[in-house]
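> Sequence:
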Amino acid sequence: MPGFIRAIALGAALATTLLTATPVAADPMRWGGCGITKKAFMSSLAEGFQKKTGTRIEIEGGGATHGIRAVKSHELDLGGACRPALAKDKREDVQMVQVAWDALVAIVHPDNPVDEISSEELQKIFRGEITNWKELGGPDKFIIVGYRSQDLSGVGLAFRELGFRETTGAGDFTQGLAQRSSGPLEIAVEKMPDAIAVTGASSARKRDVKTLGLDGVAPSVENIAQGEYPLYRPLFLTVSKDPEEEVQRFVDFALSSEGQRIIADEGTVNLEMGKGIDNPWGGAHIEL
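Per mature numbering (1 follows the signal peptide of the UniProt record, and there is no 0): the sequence shown = residues -26 to -1, 1 to 262.
Everything labelled a hint here was simulated from the structure, so no lab data went into it. Careful, some of the hints might be misleading.
Only pairs whose alpha carbons sit at most 27 Å apart, straight line, appear in this in silico DSSO-like list of lysine-lysine [claimed, not checked]:
1) K165 / K180
2) K215 / K46
3) K108 / K165
4) K46 / K98
5) K108 / K184
6) K115 / K98
7) K180 / K249
8) K98 / K184
9) K115 / K165
10) K184 / K115
Across the chosen pairs, the derived CB separations fall in these ranges [claimed, not checked]:
11) D85 / E196: 50 to 60 Å
12) K108 / Q24: 44 to 54 Å
13) D1 / G201: 22 to 32 Å
The model shown is predicted, which means the values in this text are computed figures rather than measured ones. We put the CB at the ideal spot given by N, CA and C, even for glycine.
Could you put the whole structure together from the sequences, leaning on the hints where they help?
Okay, structure coming up:
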């Protein structure tokens, strides 16, 4: 009888352990893509998901185009994009799930005395028509223009579409400091007193740079959320049309109140905060 009782006790203890143990970690999922999303909130979102489910997510960059096309080719389980899908992305094979809002911002070194700029002035800088900071009320210094070298990058495409939409010669940028991704571009501006670049507000907040007001409106979280700041844009998760169960579980987590709270806590406009914003592209894709 004592042995029988010990067996029952052991079984009960084992059952309790199984019910309360941390979930067994599955194989890690791979996320890649938009550097803005990566820097802004993706690490924290992945950490929250791992705590909740035990599933780890490996995070890499690569840009928005990589975040769309590598999901399509199954190189990645899921990705991130800060631009809409294009016809050439074969978008019918990829879902674009919006999880947040961002905005394009002009950034300069913290010591630069210029605090704001107009849309027209920003366009002229990138077309090489304004070349000295003194033309903007700054020092007599040549403007070093930093820009994304890839036309289909999230920042590059969005800036051409949103910043140059009403002008001719869109995309004919002046020569300057070309970078393949937003992270190195932001780091370069941190170190170069005479540089200017355009990047995402959500990642710029985590750098030692100054964000310039545009047309008299500061790129604050509140102004972006209310649609007052002009160059706002959606941020997407990218997944296949028929995602694996764990991938869909992460998407659901990102859209849940817990996931959206993580995004907001990281200084990015979540969906609830930006519920009154109209999508500037009218949907998840544009015809290019």
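> With reference to the structure, classify each hint as holding or not holding.
How the hints compare with the structure:
1. K165 / K180: Roughly 15 Å between the alpha carbons, so the hint for K165 and K180 holds.
2. K215 / K46: 9 Å, holds
3. K108 / K165: Status holds; Cα separation ~20 Å.
4. K46 / K98: 37 Å, violated
5. K108 / K184: With Cα atoms ~18 Å apart, K108 and K184 stay inside 27 Å; holds.
6. K115 / K98: Holds, because 16 Å separates the two Cα atoms, which is no more than 27 Å.
7. K180 / K249: Since the Cα atoms of K180 and K249 sit roughly 24 Å apart, the hinted pair holds (cutoff 27 Å).
8. K98 / K184: Status holds; Cα separation ~20 Å.
9. K115 / K165: 15 Å, holds
10. K184 / K115: 17 Å, holds
11. D85 / E196: 50 to 60 Å: Once the Cβ atoms are compared, 26 Å apart, the range 50 to 60 Å for E196 and D85 is violated.
12. K108 / Q24: 44 to 54 Å: For K108 and Q24 the Cβ distance comes to about 51 Å; the hint holds.
13. D1 / G201: 22 to 32 Å: 41 Å, violated
When the structure is compared with the earlier hints, violations turn up for hints 4, 11, 13 and for no others.
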